[in-house]
Amino acid sequence: QTWLTGAGRQDRAVYRFSGAEQPLEVSLPAGISAGNAEARLDGQSVPIVASNEETLAVRLDPRGGHEHVLELEYQFDEPLARMATIEAQLPRFSSSVWVQRMYWQLVLPGDQHLFSEGNETTPEFSWVWSGVCWTRRASLDQAELEEWSGAQHATALPEKTNRYLFSVAGSPQRVTAHSVERSQIVLLGSLGALCVGLLLIYLPMMRRPVTLLAGGVLLLAIAAW
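In the numbering used here, each number is its position in the sequence shown, counted from 1, plus 2.
Hints should not be assumed to be uniformly reliable.
[Stated by the list, open to error] List of simulated lysine to any residue pairs, SDA-like, C-alpha gap at most 20 Å:
id, residue 1, residue 2
1, K162, R139
2, K162, Q12
3, K162, A195
4, K162, G133
5, K162, C135
6, K162, A145
7, K162, V134
8, K162, D143
9, K162, T57
10, K162, W100
11, K162, I187
12, K162, Q186
13, K162, H115
14, K162, Y204
15, K162, V130
16, K162, R18
17, K162, W131
18, K162, C197
19, K162, G217
20, K162, W5
21, K162, F127
Don't read these hints as lab results, they were simulated from the structure. This one's a predicted model, so the numbers in the text were calculated from it and none came from an experiment.
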């Protein structure tokens, strides 16, 4: 989970796994040291043993086959820009660790919206009618993701946030998305309407029935897409 606010960003990673590799080493994203991360194993806070500045080691139950849940939390001082490329570097395990399935939940402020997602992710939401407009609805919310992964239930996300869910194949080093501020969307829409209005006023050919019909068909095609 990547949660961005106007002042910074908080990342939370949850892994449910089985195995008894001793110790389990996890490399943190660049810029995050082991001293600035919090770790919980099976719901209990655990001390972090740093192999180096950006790698932490977690001691596990020596009995093989036991299932564990590891939770990591860390923060960045990364204010969100009006038009931003969001890049979340993921914790990394050794090459012998195989990731079966992964979700990435992106949480944005209420006035910030998803513009596009990176090639390494697959959208996990559907478009639904919310009364006045179409909006995206994620297939799983935070509570359902916590239930699925075995994580502890955290404080519910504020209502005035936009939440997007993606699935990720394999274990990529990073995932990306692009966001845009609502005022930017309104500005672009208003600018487009102004341009069309000026064309209708100053170019008589734009007022011909054939031209209007072609424009209507084009708008319907864009709306359907």
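Hints not upheld, ascending by number
Hints 3, 9, 10, 14, 16, 18 and 19 are the ones this structure does not satisfy, whereas the remaining hints hold.
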